[in-house]
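Chain by chain, the residues:
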Amino acid sequence: MNQKILTFSVIIIATSVLSGCGKKAQLQYEAAQLQASANEQTIALKAAQAESAAVGNLGQYNYPQQAHMDQLRAKIKQLREETESLNASKTHAQKDVDLLQKELDAYRARHLK
Amino acid sequence: MDAKIIVYGFCLLAIVAGTTFWRYAMDMDEVEKEVVLARQQLNNVEDGLKQAKAWATARKEAAALMTAAAVIKEGNDALHEEIQAIQKKRMEVAKNYLGTVERTRADTAGMELPEITLATGVSLKNAKIQSIDEELTVIKHSLGVTKVATDMLPAVFKDRLRYGFNPVGLGSLSTAGSNSRGTKNSDTSISDRIAKMGASGGPPEAKPTETPPAPDAAAPAPATTAPVAGQRESLGRIYVPGKGWQRAGAGGFVAPPTVGIPTTSTTENSEAVSKVKSRFETNTNTGTGTGTLPR
Numbered sequence: 004m005n006q007k008i009l010t011f012s013v014i015i016i017a018t019s020v021l022s023g024c025g026k027k028a029q030l031q032y033e034a035a036q037l038q039a040s041a042n043e044q045t046i047a048l049k050a051a052q053a054e055s056a057a058v059g060n061l062g063q064y065n066y067p068q069q070a071h072m073d074q075l076r077a078k079i080k081q082l083r084e085e086t087e088s089l090n091a092s093k094t095h096a097q098k099d100v101d102l103l104q105k106e107l108d109a110y111r112a113r114h115l116k
Numbered sequence: 012m013d014a015k016i017i018v019y020g021f022c023l024l025a026i027v028a029g030t031t032f033w034r035y036a037m038d039m040d041e042v043e044k045e046v047v048l049a050r051q052q053l054n055n056v057e058d059g060l061k062q063a064k065a066w067a068t069a070r071k072e073a074a075a076l077m078t079a080a081a082v083i084k085e086g087n088d089a090l091h092e093e094i095q096a097i098q099k100k101r102m103e104v105a106k107n108y109l110g111t112v113e114r115t116r117a118d119t120a121g122m123e124l125p126e127i128t129l130a131t132g133v134s135l136k137n138a139k140i141q142s143i144d145e146e147l148t149v150i151k152h153s154l155g156v157t158k159v160a161t162d163m164l165p166a167v168f169k170d171r172l173r174y175g176f177n178p179v180g181l182g183s184l185s186t187a188g189s190n191s192r193g194t195k196n197s198d199t200s201i202s203d204r205i206a207k208m209g210a211s212g213g214p215p216e217a218k219p220t221e222t223p224p225a226p227d228a229a230a231p232a233p234a235t236t237a238p239v240a241g242q243r244e245s246l247g248r249i250y251v252p253g254k255g256w257q258r259a260g261a262g263g264f265v266a267p268p269t270v271g272i273p274t275t276s277t278t279e280n281s282e283a284v285s286k287v288k289s290r291f292e293t294n295t296n297t298g299t300g301t302g303t304l305p306r
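The listed protein sequences derive, respectively, from chains A and B. Here the first sequence stands for residues 4 to 116, where the numbers follow our numbering. Here the second sequence stands for residues 12 to 306, where the numbers follow our numbering.
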């Protein structure tokens, strides 16, 4: 009887110890996995920081906020409008020169021998 | 004896089991803490990575926008330069134009034409342009010398002379004060003023107020359709002896000028002209008249 009780107790203890050791190993493995992921992400973070640093110093836009981006977009829009205006001015000026030259040629043809 | 051993054995086993359990629980706590710590670290790194990627993207976009702005600005600068070059070219063309016009004006003085029809309809035969400037033109023709306002010249002359022409704000070419040849000999201040006022439509500077002389029997009687003796015309105004200078045409004197010459004929010396001259001299001497003798 006593031997049976002893054997039963030993089995329970051994089973508990074995299951407890499995849980611990599982948690340790999970921690290791997380650590490995963190290390990978850290490498990616350093790469992203290096990529950002490779852009160089952008002056007042070095740490661009949404307002800065809007400002830059507005500036580009303004410059494009200026380009259109300048193109129109150039065309107008060229036409004006051609017209004046034509008028001069006609004047010379009419009045100069 | 056996029972005691068994009890001691149980106690020992219980102690060992308790100790083992306690160590096991401690280990589990430690491992769980490690897991939590690793998880936190991973989350931090992931957040940092997201932020770094966002910064890199924003900085790249800002750099791209700045580059685009610089490129567009460079293009605009190039366009500015092109426009300036075109404007410079236009300025040169305009200078050439003005130079050509000036040369043409210089060539105009001394031109001989079989006939010039003025804007008033008066036709001058065998005309030679003695001098010309922005306001006055002296034309020698078959019946004498005439000063006419340059505005009265035919359209072809206006196109040729182009006074007031200013293609690019260079300033119009004016030969006033530096007339073409022959001006000094034929220019007088009074006649010029009369001619200029006639051109501008202003009143004559002075009108003879003397009583008109009796019409000569030989001279045709003044009429609206017949020429008047001593009558002269200059630039839309007619000098009628005794009435002074009057505006010709609608609202003014309607008698046409003698022989269609508005002018001053230095070769013609009719009796009527002699009478007007003598009358003018008389009035000047007696101080009763302020008339200007038309030439």
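Simulated from the structure, these hints should not be mistaken for lab results. Keep in mind that the hints are not guaranteed to be accurate.
Pairs of lysine to any residue residues, derived as SDA-like cross-links and limited to a Cα-Cα distance of at most 20 Å, are as follows [as the list claims (entries may be wrong)]:
no. : chain 1 : residue 1 : chain 2 : residue 2
1   : B       : K100      : A       : A91
2   : A       : K105      : B       : K61
3   : B       : K84       : A       : Q81
4   : A       : K105      : B       : K100
5   : B       : K106      : A       : Q81
6   : A       : K80       : B       : K71
7   : B       : K99       : A       : Q81
8   : A       : K80       : B       : H91
9   : B       : K106      : B       : K151
10  : B       : K151      : B       : T119
11  : A       : K93       : B       : Q95
12  : B       : K61       : A       : A39
13  : B       : K84       : A       : K105
Facing chain B, a subset of chain A residues (Cβ under 7 Å, in silico) [what the hints assert, rightly or not]:
no. : residue
14  : L37
15  : A51
16  : A53
Stretches of chain B that chain A covers, calculated by requiring three or more beta carbons in the stretch to come under 8 Å of a beta carbon on chain A [to be verified]:
no. : segment
17  : 34–47
18  : 66–78
19  : 91–103
20  : 111–122
21  : 149–156
No residue lacks a Cβ here, since even glycine has one placed at the ideal position from N, Cα and C.
Quick one, are K106/B and Q81/A close enough, alpha carbons at most 20 Å?
36 Å, violated
Are at least 3 residues of the segment 34–47 of chain B within less than 8 Å of chain A when you compare beta carbons?
n = 7 at 8 Å, threshold three: holds.
Holds or violated: the hint that A53/A contacts chain B, with Cβ atoms closer than 7 Å.
9 Å, violated
Assess, step by step, whether the Cα of K100/B is no farther than 20 Å from the Cα of A91/A, and give holds or violated.
With a Cα-Cα distance of about 18 Å, the restraint between K100/B and A91/A holds, given a limit of 20 Å.
Coverage criterion applied to the segment 149–156 of chain B (partner chain A; beta-carbon cut 8 Å; 3 residues):
Three-residue rule not met by the segment 149–156 of chain B, so violated; n is 0.
Hint check: K105/A vs K61/B, CA-CA at most 20 Å. Holds or violated?
65 Å, violated
Do at least three Cβ atoms from the segment 91–103 of chain B come closer than 8 Å to Cβ atoms of chain A?
holds (count 7)
Hey, K61/B versus A39/A, does the alpha-carbon distance stay inside 20 Å?
Within the cut-off at roughly 18 Å; holds.
Please count how many residues of the segment 66–78 of chain B have a CB within 8 Å of a CB from chain A and say whether that reaches 3.
Coverage by chain A holds for the segment 66–78 of chain B (10 residues, Cβ < 8 Å).
Decide if the proposed pair is consistent with the structure: K106/B and K151/B, CA atoms, cutoff 20 Å inclusive.
Not OK: K106/B and K151/B at ~32 Å, beyond 20 Å, violated.
Hint check: K84/B vs K105/A, CA-CA at most 20 Å. Holds or violated?
Cα-Cα ~33 Å, so violated.
Verify the coverage statement for the segment 111–122 of chain B against chain A, using a C-beta to C-beta distance below 8 Å and requiring 3 or more qualifying residues.
holds (count 4)
Consistency note: the structure conflicts with the earlier hints numbered 2, 5, 7, 9, 13, 16, 21.
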